[in-house]
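**Student:** Given next are the chains, with one letter for each unit.
There are 2 protein chains.
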Amino acid sequence: EKTVFYIKEKYPEIFVIADAKRGDIGNTSTQYAKAFFETLPFDAITVAPYMGSDSVRPFLTFDDKFVILLALTSNVGANDFQYFKQNDEYLFEKVLKESQNWAGKDKMMYVVGATRAEMLTQVRKIVPEHFLLVPGVGAQGGSLQEVAKYGMTNDCGLIVNSSRAIIYASSDADFDKKAALEAKQVQEEMRKLLQEKKIS
Amino acid sequence: EKTVFYIKEKYPEIFVIADAKRGDIGNTSTQYAKAFFETLPFDAITVAPYMGSDSVRPFLTFDDKFVILLALTSNVGANDFQYFKQNDEYLFEKVLKESQNWAGKDKMMYVVGATRAEMLTQVRKIVPEHFLLVPGVGAQGGSLQEVAKYGMTNDCGLIVNSSRAIIYASSDADFDKKAALEAKQVQEEMRKLLQEKKIS
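Note that the protein sequences, when read in sequence, are chains A and B. Residues 1 to 200 (the working numbering) make up the first sequence, in order. Residues 1001 to 1200 (the working numbering) make up the second sequence, in order.
No lab work stands behind these hints: they were computed from the structure.
Straight-line alpha carbon distances no greater than 25 Å define the calculated SDA-like cross-link-like pairs of lysine to any residue that follow:
1) B:1105 <-> A:76
2) A:34 <-> B:1169
3) B:1178 <-> A:28
4) A:107 <-> B:1076
5) B:1085 <-> A:126
6) A:10 <-> A:64
7) A:105 <-> A:53
8) A:125 <-> B:1085
9) B:1192 <-> B:1154
Use the sequences and the hints to build the structure in full.
**Tutor:** Next up, the structure:
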């Protein structure tokens, strides 16, 4: 709580995401939405889709705030249900399609794990322009090059997240330097990829 | 937080559920599990299955604590994805089956909404003995009779939850009496249903 207020005060232009993975019956989702978007100054929140439209919609009623819906996550367990397949459609594709009925790209983004870069082409067929939040670069083994190759749009369209490689960069007194270095590396790599695409 | 400590201190035999609907990558789920089961004295937590096994397993490593996995929820949005169907199997059935590989009925329960009583026969084919947490009686329109008819086992096997009919029983000064009355009614109805089944 202190951290997010501090960031927003010092760097109001930074887009702050609550990776809370909520999703509950309507009136509870409404309370969560108020907590993250009104009481706290988050710009976006990750939401799990399992409970469907009425569990997500309360988060979509705030101006300039975003829902980032879990579609295809970076963890191994993603294989258990997200690839469940009805006819020719995977569950994560159904989530991408169905949720288009709830809001457009001005309110909605999707989580697609960097470890699933091979699926980004299919994801982009359904959501060609939406921003994607891409976790799993770094500690989880996802490749930034692959992600950019298959997932980048003309406006970039990617929010790439590296957490553990940074926050666990070192357990010694040099943590601040090691973490900064790690963050800098990802940033630099992203900058080059954007230049190649002539976005900057 | 104060409430749950108060309940556990005054009535240690009461089974307290955190209806938190969590489910995150492994190390985050581990932190949530510690918060709810170690820092706080909850007996069980509801967990969303979308991210699969490694998002749920961290909650299953505590003695005498339960995961209550969302299978078929009581809200309208349940129709969006929970009935997604691969061959002859619905997603919620896949969740019930797949999760049997993670833990047995000594650690796992399932959420099945009272508004889905017609599906309880199918649910019981897959999990004949597991306890089910059944929300949606009362304000959401679920029938306790129907739930008992299709979902009750020889040991009862049901935790029936009525929230809004109780906490919103009255907005006047008589709230305490109205709420107590509402709770008493559900309890009495349940007692009769248990007697009919010769469980008490």
